Amino acid sequence: MPELPEVEVLKRSLQKKIRFRKIIRIKIYNRNLRYKVPYSISRDLKNHKVHNISRISKYIIFHINFSKKLLIHLGMSGTIHLIEKNNKNNTNASFYHSSYLPQKHNHIEISFSNDIKMIYNDPRRFGYLKLLKKNYLSEKPIINLGPDPFSYKFNFEYIKNFIYKKKINIKNLLMNQKFVGGIGNIYANEILYYCKLRPTKTVNQLSKKNILNIILQARKVLDKAIMFGGSSIRDFKKTDGVSGNFQQNFKVYGKNNTQCPRHGCNGYIQKILLSNRSAFYCPKCQI
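Going by UniProt numbering, the first residue of the sequence shown is number 1, and it counts up by one from there.
One or more hints might be untrue.
Unchecked claim - Calculated pairs, DSS-like style, for lysine-lysine (alpha carbon to alpha carbon, straight line, at most 25 Å):
#  : residue 1 : residue 2
1  : K68       : K36
2  : K17       : K160
3  : K36       : K104
4  : K140      : K220
5  : K201      : K134
6  : K134      : K167
7  : K153      : K117
8  : K166      : K251
9  : K178      : K166
10 : K284      : K271
11 : K104      : K49
12 : K166      : K117
13 : K178      : K140
14 : K160      : K196
15 : K134      : K160
16 : K140      : K153
17 : K153      : K178
To be verified - Across the chosen pairs, the derived CB separations fall in these ranges:
#  : residue 1 : residue 2 : range
18 : I24       : Q205      : 24 to 34 Å
19 : S40       : R124      : 38 to 48 Å
20 : S113      : C265      : 48 to 58 Å
21 : K208      : G264      : 43 to 53 Å
22 : K284      : F66       : 47 to 57 Å
23 : K208      : P38       : 42 to 52 Å
24 : G264      : I24       : 29 to 39 Å
25 : D115      : P38       : 21 to 31 Å
Keep in mind that the hints were calculated from the coordinates and are not lab data. Owing to the predicted nature of the structure, the values given are computational and were not obtained by experimental measurement. Each residue gets a CB set at the ideal place from its N, CA and C atoms; glycine is no exception.
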C-alpha cells in the first residue's frame, strides 16, 4: 500500500496536469469498490474546475469548490492513469504498476478540459472514491486521522499525552493512523532505525529525548523519500512515468540477514513479526 511519500508524490504530479482544469465528463464502469461509488458523482462534479489537490495522510483530495470535494484512496492495488489525447503512451501514477492496463479493472474515467483522461484502475477494489462536503475535516475518514507528521500538531506534548499509560510497541504506534497519519510498514521500520529504537520497545519506556527524536527522524525520512520520488516497491511510478528510487536508500526494510549499515556497528539486520507485519531492525544498535 502506498504510504505518505508516494501519495504526496502522486498529489504533486496530479497538480501539474489537472489543477485548474474543468471536469467535462465522468464515466462509471463499476461502482463496486470498497464503498460503492455514489450515483451523484457525475452530477455533482461535471463542469466544475479542480481548484486544488491536497493530501491528508494517505488520501488525495480534489477541491472542486468551497462545498464539494472528491476523496480518493488507492487501497492495496488502486492506480491512477493519466491518458493524454496526443500521447499514445499512458502516463502512470501507480503503486502496483504494470505496463499493461487491463480495461476490466477500469472503474472510473474522468475527462478534463485539457484533453486528459484520468482513469482509476483497481484489480482488488480495496480503494474508493467519496464525495465530501465543505466541513470535510469533520467527516469520516478524515476525522479519525491523527496529525500529519509534518504538522506542528505532531509535537512532544501531543505524543506524551497520546501514549500516557499505554504499553503498545513503538512500531505499532507509528503505524496507527489515529496517532499519526500516513506512516505505514516501510517507513515505520526506517524511522526506528534512525531513532536507534527497536520496534518491540513499548511506548511507556520512551524518554523525552526518544520522543523528540522520533518527531525529527520521521520528518527527515519522509521528506527524503518524497525528494527521491517515493519507494518503488512493486514499481510505484509518478504521472510522468518515472519511478521513485528511495528504496535504494533503505537501511533495514527488506534487509534481513545483511550487515547493519550504521558506521561502527557490526550487527546484522533481523526480521521479526509484529501484529502479522514484518519488522526489520539491528538488535545491536537499536535498543
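So, going through the hints one by one against the coordinates:
1. Between the alpha carbons of K68 and K36 the distance comes to roughly 18 Å, so the proposed pair stays at or under 25 Å and holds.
2. Straight-line distance between C-alpha atoms of K17 and K160 comes to about 41 Å, which puts the hinted pair past the 25 Å bound.
3. For the suggested pair K36 and K104, the alpha carbons sit about 17 Å apart, so the restraint of at most 25 Å is met.
4. Annotation: proposed proximity of K140 to K220 is violated, straight-line Cα distance about 29 Å (limit 25 Å).
5. Among the hinted pairs, K201 with K134 is inconsistent with the structure: their alpha-carbon atoms are about 41 Å apart, more than 25 Å.
6. Proposed proximity of K134 and K167 is contradicted: the alpha carbons are some 38 Å apart, above 25 Å.
7. As the CA atoms of K153 and K117 are separated by approximately 37 Å, the hinted pair breaks the 25 Å bound.
8. Only pairs whose Cα atoms come within 25 Å are accepted, and K166 paired with K251 is rejected, the gap being roughly 28 Å.
9. Proximity of K178 to K166 is assessed by CA-CA distance (about 14 Å); at most 25 Å being required, the pair is judged to hold.
10. Proximity of K284 to K271 is assessed by CA-CA distance (about 13 Å); at most 25 Å being required, the pair is judged to hold.
11. A hinted pair counts as satisfied when its Cα atoms are at most 25 Å apart, and K104 with K49 does not qualify at roughly 28 Å.
12. Straight-line distance between C-alpha atoms of K166 and K117 comes to about 48 Å, which puts the hinted pair past the 25 Å bound.
13. For the given pair, K178 sits about 12 Å from K140 by alpha-carbon distance, which is consistent with the 25 Å threshold.
14. For the hint linking K160 to K196, the alpha-carbon distance of about 19 Å falls within 25 Å, and the restraint holds.
15. The hinted pair formed by K134 and K160 fails the criterion: a straight-line CA distance of about 32 Å is larger than 25 Å.
16. Restraint check for K140 and K153: the C-alpha separation of about 20 Å stays at or below 25 Å, so the hint holds.
17. Pair hint K153 plus K178 holds up; C-alpha atoms about 13 Å apart against a cutoff of 25 Å.
18. The supplied range of 24 to 34 Å is broken by I24 and Q205, whose beta-carbon atoms lie about 56 Å from each other.
19. The supplied range of 38 to 48 Å is broken by S40 and R124, whose beta-carbon atoms lie about 25 Å from each other.
20. Between S113 and C265 the beta carbon distance is about 56 Å. The supplied range of 48 to 58 Å therefore holds.
21. About 26 Å separates the C-beta atoms of K208 and G264, a value inconsistent with the hinted range of 43 to 53 Å.
22. Take K284 and F66: their Cβ atoms lie about 55 Å apart, and the range 47 to 57 Å holds.
23. At roughly 47 Å, the beta carbons of K208 and P38 sit within the given window of 42 to 52 Å.
24. At roughly 60 Å, the beta-carbon separation of G264 and I24 lies outside the given 29 to 39 Å, and the hint is violated.
25. As the Cβ distance of D115 to P38 is approximately 26 Å, the hint placing it in 21 to 31 Å holds.
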